[in-house]
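Student: The primary structure of each chain is shown beneath.
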Amino acid sequence: GAGVSQSPRYKVAKRGQDVALRCDPISGHVSLFWYQQALGQGPEFLTYFQNEAQLDKSGLPSDRFFAERPEGSVSTLKIQRTQQEDSAVYLCASSFGQGRYEQYFGPGTRLTVT
Amino acid sequence: KQEVTQIPAALSVPEGENLVLNCSFTDSAIYNLQWFRQDPGKGLTSLLLIQSSQREQTSGRLNASLDKSSGRSTLYIAASQPGDSATYLCAVRQDPGDKLVFGAGTILRVKS
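Chains as they are written, first to last, in our numbering: chain X, 3 to 116; chain E, 57 to 168.
The hints are simulated quantities; they were obtained by calculation from the structure and are not laboratory data.
Given the structure is predicted, the values throughout are model-derived calculations rather than measurements.
It cannot be assumed that every hint is accurate.
[Said to hold, decoys possible] Example chain E residues on the side facing chain X (calculated, C-beta under 10 Å, incomplete):
#, residue
1, P64
2, L67
3, V69
4, P70
5, G139
6, P152
[As the list claims (entries may be wrong)] Now the stretches of chain E that chain X is said to cover, found in silico as 3 or more residues with beta-carbon under 8 Å:
#, segment
7, 77-84
8, 125-136
9, 156-168
Beta carbons are placed, not taken as given, at the ideal position from N, Cα and C, and that holds for glycine.
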């Protein structure tokens, strides 16, 4: 079946612009995660949804970052007033459930802020 | 706070060699541990998932072990090939919390 998809794959934004990144999880997966990967580093957790409920947003670096999953399926990560330090790859992952289930990752969105 | 460390940071080996990548973590309260492969400019491909109650998992030329009490995992790659060249990441799934905590990765180059 289809895997996790993300769009756009690449995004160039001028500093100060708002951006929206989309994630389509695997159908039926109730858990959805966003991670940020800086160049040469491992991914770092941003936020986590169980269905439409955002259970953990402790990794969001500032109040300019906002995520939603209103119908418990597609999720959007929004970054307001982008800064150069926001340049990174944003990865989305989904999982059938909590705990022991494997997380499956999308291809990521590479954001470059100029 | 969970911290995951991977050693070595980079490794270059000739084709055909067997090799071991190491991963250590500081908090043993985990659901499971995953090994991923990442090719340049690409997303993450899951290689092996080991549940906290398991000791090892095998897939083809790959074997991963887990010693939860000592906070260690190893990924063994047999008869390495140039196509194995990539960055290998290990990650633990927190209990509770569910998020994955990643190491910084090992960059592997297999020379033909």
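Student: All hints, please: hold or fail.
Tutor: Hint check:
1. Because the closest C-beta pair between P64 (chain E) and chain X is about 15 Å apart, greater than 10 Å, the hint is violated.
2. The beta carbon of L67 (chain E) comes no nearer than 16 Å to any beta carbon in chain X, farther than 10 Å, and the hint placing it at the interface is violated.
3. Interface restraint check: V69 (chain E) against chain X, minimum CB-CB distance 21 Å, threshold 10 Å, status violated.
4. Because the closest C-beta pair between P70 (chain E) and chain X is about 25 Å apart, greater than 10 Å, the hint is violated.
5. The interface hint given for G139 (chain E) is violated, since its Cβ lies 19 Å from the closest Cβ of chain X, which is over the 10 Å cut-off.
6. A least Cβ separation of about 9 Å between P152 (chain E) and chain X falls short of the 10 Å threshold, and the interface hint therefore holds.
7. Check result for the segment 77-84 of chain E against chain X: violated, 0 residues qualifying (beta carbon to beta carbon below 8 Å, three or more required).
8. Coverage of the segment 125-136 of chain E by chain X is violated [criterion: at least 3 residues with CB-CB distance below 8 Å; count 0].
9. Here the segment 156-168 of chain E counts 6 residues with a CB under 8 Å from a CB of chain X, which clears the bar of 3, and the coverage holds.
Of the numbered hints listed earlier, those contradicted by the structure are 1, 2, 3, 4, 5, 7 and 8.
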